[in-house]
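Asks: Below, each chain spelled out in residue letters.
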Amino acid sequence: MGQNGEVLKVRNLSTHFYTGAGVAKAVQKVDLTLKRGRTLGLVGESGCGKSVTALSIMRLVPEPPGRIVAGRVELDGRNLLELSEAEMRSVRGSRIAMIFQEPMTSLNPVFTVGSQIVEAVRVHERLSRTAARDRAVEMLSTVRIPNPAQRMRSYPHQLSGGQQQRVMIAMALACGPDVLIADEPTTALDVTIQSQILSLLDDLQARLSMAVLFITHDMAVIAQTADDVAVMYAGTIVERAPVKPLFNKPLHPYTRLLFRSIPTGGARGSRLETIAGQVPSLLALPTGCRFHPRCPLAFERCVKEEPVLREVEDGRLVACHRAGEIEELMK
Amino acid sequence: MTERPARKPRAYWRLVLREFFKRRLSVAALAATLLQLLVALLAPYLANEVPIVLREQGKICFPSTFDYPRFRTTDWAAFVRDLPSGDWVLMPPLPVGPSHTDIFNRLDHPSRRHLMGTDDLGRDVLARMIWGGRISLSVGFVAVGIAVIIGIIFGSIAGYFGGAADLVISRVIEVVICFPTFFLLLTIIALVARMSIFYLMLAIGIVGWTGIARLVRGEFLRLREQDFVVAARALGVPARRIIFRHILPNAIAPVLVSATFGIAGAILTESGLSFLGFGVPPPTASWGSILSLARQYVYQAWWLTAFPGAAIFFSILCYNLIGEGLRDAVDPRLRI
Numbered sequence: 001m002g003q004n005g006e007v008l009k010v011r012n013l014s015t016h017f018y019t020g021a022g023v024a025k026a027v028q029k030v031d032l033t034l035k036r037g038r039t040l041g042l043v044g045e046s047g048c049g050k051s052v053t054a055l056s057i058m059r060l061v062p063e064p065p066g067r068i069v070a071g072r073v074e075l076d077g078r079n080l081l082e083l084s085e086a087e088m089r090s091v092r093g094s095r096i097a098m099i100f101q102e103p104m105t106s107l108n109p110v111f112t113v114g115s116q117i118v119e120a121v122r123v124h125e126r127l128s129r130t131a132a133r134d135r136a137v138e139m140l141s142t143v144r145i146p147n148p149a150q151r152m153r154s155y156p157h158q159l160s161g162g163q164q165q166r167v168m169i170a171m172a173l174a175c176g177p178d179v180l181i182a183d184e185p186t187t188a189l190d191v192t193i194q195s196q197i198l199s200l201l202d203d204l205q206a207r208l209s210m211a212v213l214f215i216t217h218d219m220a221v222i223a224q225t226a227d228d229v230a231v232m233y234a235g236t237i238v239e240r241a242p243v244k245p246l247f248n249k250p251l252h253p254y255t256r257l258l259f260r261s262i263p264t265g266g267a268r269g270s271r272l273e274t275i276a277g278q279v280p281s282l283l284a285l286p287t288g289c290r291f292h293p294r295c296p297l298a299f300e301r302c303v304k305e306e307p308v309l310r311e312v313e314d315g316r317l318v319a320c321h322r323a324g325e326i327e328e329l330m331k
Numbered sequence: 001m002t003e004r005p006a007r008k009p010r011a012y013w014r015l016v017l018r019e020f021f022k023r024r025l026s027v028a029a030l031a032a033t034l035l036q037l038l039v040a041l042l043a044p045y046l047a048n049e050v051p052i053v054l055r056e057q058g059k060i061c062f063p064s065t066f067d068y069p070r071f072r073t074t075d076w077a078a079f080v081r082d083l084p085s086g087d088w089v090l091m092p093p094l095p096v097g098p099s100h101t102d103i104f105n106r107l108d109h110p111s112r113r114h115l116m117g118t119d120d121l122g123r124d125v126l127a128r129m130i131w132g133g134r135i136s137l138s139v140g141f142v143a144v145g146i147a148v149i150i151g152i153i154f155g156s157i158a159g160y161f162g163g164a165a166d167l168v169i170s171r172v173i174e175v176v177i178c179f180p181t182f183f184l185l186l187t188i189i190a191l192v193a194r195m196s197i198f199y200l201m202l203a204i205g206i207v208g209w210t211g212i213a214r215l216v217r218g219e220f221l222r223l224r225e226q227d228f229v230v231a232a233r234a235l236g237v238p239a240r241r242i243i244f245r246h247i248l249p250n251a252i253a254p255v256l257v258s259a260t261f262g263i264a265g266a267i268l269t270e271s272g273l274s275f276l277g278f279g280v281p282p283p284t285a286s287w288g289s290i291l292s293l294a295r296q297y298v299y300q301a302w303w304l305t306a307f308p309g310a311a312i313f314f315s316i317l318c319y320n321l322i323g324e325g326l327r328d329a330v331d332p333r334l335r336i
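Chains as they are written, first to last, in this note's numbering: chain A, 1 to 331; chain B, 1 to 336.
By construction, these hints were calculated from the structure, which means they are not laboratory data.
Every value quoted in this text rests on a predicted model; they were computed, and no experiment measured them.
Note that CB positions come from ideal geometry on N, CA and C, so glycine has one too.
Each hint can be trusted.
Partial selection, computed: residues in chain A whose CB lies under 7 Å from chain B:
| # | residue |
| --- | --- |
| 1 | Met58 |
| 2 | Arg89 |
| 3 | Gly93 |
| 4 | Ser106 |
| 5 | Leu107 |
| 6 | Val123 |
Work out the full structure, taking the sequences as your base and the hints as a guide.
Replies: Quick look at the structure:
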């Protein structure tokens with residue numbers, strides 16, 4: 001394990017998709033650090049590269065058309081991008097596990113949930129069938145599914161969405177991974193179930209001292225679960241900070257506008273704030289800063305020069321030429 | 001947490017069967033096919049000059065089931081005629097075999113004794129039909145079995161891995177599709193010195209896998225992008241296991257439908273070859289070979305044409321009806 005609990009380090013990761021219409025730079029020079037027992041929230045709009053980042057870490061980007069063109073993904077100092085497919089397979093599921101947005105479609109419809117958890121265990125550990133079964137039942141009770149022994153025999157379609165997501169979590173954690181990537185795990189669930197799943201994940205993380213990469217577009221979820229936050233825009237990280245300071249005082253104009261556009265309960269009848277313009281196409285990104293066409297603070301330099309992520313305040317990284325002046329400029 | 005009441009596990013196939021059983025015509029076809037399978041399976045006990053059970057000098061024997069050295073040269077007609085008192089025999093309902101000739105009853109009309117008449121050597125047509133069904137059905141099943149295995153292997157590799165593997169396999173499929181099946185079969189028959197029914201099955205299977213491979217490839221292309229496949233990969237499940245355990249069971253339904261139609265096709269091909277005289281070697285009966293013989297006697301002996309022709313027609317019809325019923329049952333778009 002690296003210094004101060006760093007388990008997974010992503011450095012300079014770039015993933016491009018080579019499509020008929022051109023090269024889509026879905027992920028560009030992304031840096032992330034996951035620490036044991038801590039949750040990093042990755043936020044951004046749809047299509048900003050959150051999921052591709054996660055798939056790149058797992059090396060599950062569909063190839064072709066996708067390709068990881070540059071960067072390093074270090075798990076305890078070992079670069080995953082240099083491993084053979086067989087070595088990578090032994091990492092997936094046992095060291096890094098992943099849960100997905102749609103529990104309904106992420107479980108194989110033709111097998112019982114029990115057999116799927118048993119498989120998840122037996123792929124990585126030499127356990128007898130009965131031992132693996134016992135582990136599966138134990139995992140189901142860990143994720144608080146009632147009557148775990150009976151539920152083992154259920155098919156996915158017999159479970160509710162929340163229970164399916166619990167089963168997915170049980171599968172992901174069956175081999176005790178060090179890193180859990182949760183790709184919008186609560187987006188497909190309704191709000192009450194969502195908070196149950198979130199508190200379950202919190203509990204399990206504390207108990208297993210995992211590092212969690214939590215991907216979402218929901219600011220409220222981030223506020224509830226994350227310790228640190230990385231804000232993504234059009235394939236790059238624009239701001240990285242601990243959760244409290246970020247919510248108190250966002251330093252990137254995009255983050256600031258994003259917070260403003262969250263609907264609040266008060267002021268009935270007032271207009272909902274939006275960010276002018278549209279997310280740029282990944283095939284034709286603007287020059288310089290990717291946010292400049294929509295940014296109220298943009299000036300000449302933003303068009304010409306791409307800002308890099310730099311530390312503006314203690315522990316706060318921002319990729320913006322005007323990060324220092326934002327307080328005066330945006331009121 | 002919203003808790004649903006526990007239900008009995010109701011698997012996918014149970015739903016499919018329920019849908020299938022709603023279609024009366026298909027169910028009737030399935031029943032007819034099962035009956036036909038049963039007849040083919042029980043041919044030695046239905047049409048045979050060898051008794052099913054007999055008692056000889058206090059001992060019970062099953063000569064049509066087991067091989068008894070002392071009965072190998074027995075003339076059963078004489079044996080039954082000269083049966084000593086106290087011994088008995090149980091003959092099959094039709095006490096003549098498919099190769100039993102009776103020169104004095106050539107080309108006999110259907111009668112009580114010969115329900116479907118006799119052929120030019122005085123052989124009972126019904127007996128030959130019963131035994132011939134075995135050949136036709138085994139050709140159908142084995143040939144399609146071979147085709148399905150080859151098709152699944154190539155189709156799944158092409159569909160799952162894509163890229164170069166897909167390119168190569170797809171071109172091979174296109175080449176094999178271009179083979180004119182019937183002429184290829186005739187060529188193989190010409191090259192093989194001693195013709196046996198097995199070569200026929202093998203040949204039909206080897207040219208017949210392309211349709212299934214394409215189908216499986218398409219299913220795999222669709223399924224490999226599914227979340228549960230990505231989830232299985234994220235758990236570190238090896239490719240071979242993903243292909244055969246995770247994807248194949250989800251892709252097998254259309255294969256089954258196609259295989260059912262394939263059986264019909266294989267039976268027809270075998271009949272066609274036998275009709276041309278290139279099928280099973282002579283004394284063996286198959287529906288096609290009976291038809292082939294009938295050609296010379298079309299004007300004298302209608303029964304030689306009508307019965308095997310009807311048998312081929314109805315069994316093909318049945319397989320097609322089953323296939324259609326199955327296709328409708330597995331198609332989720334037709335369900336609510």
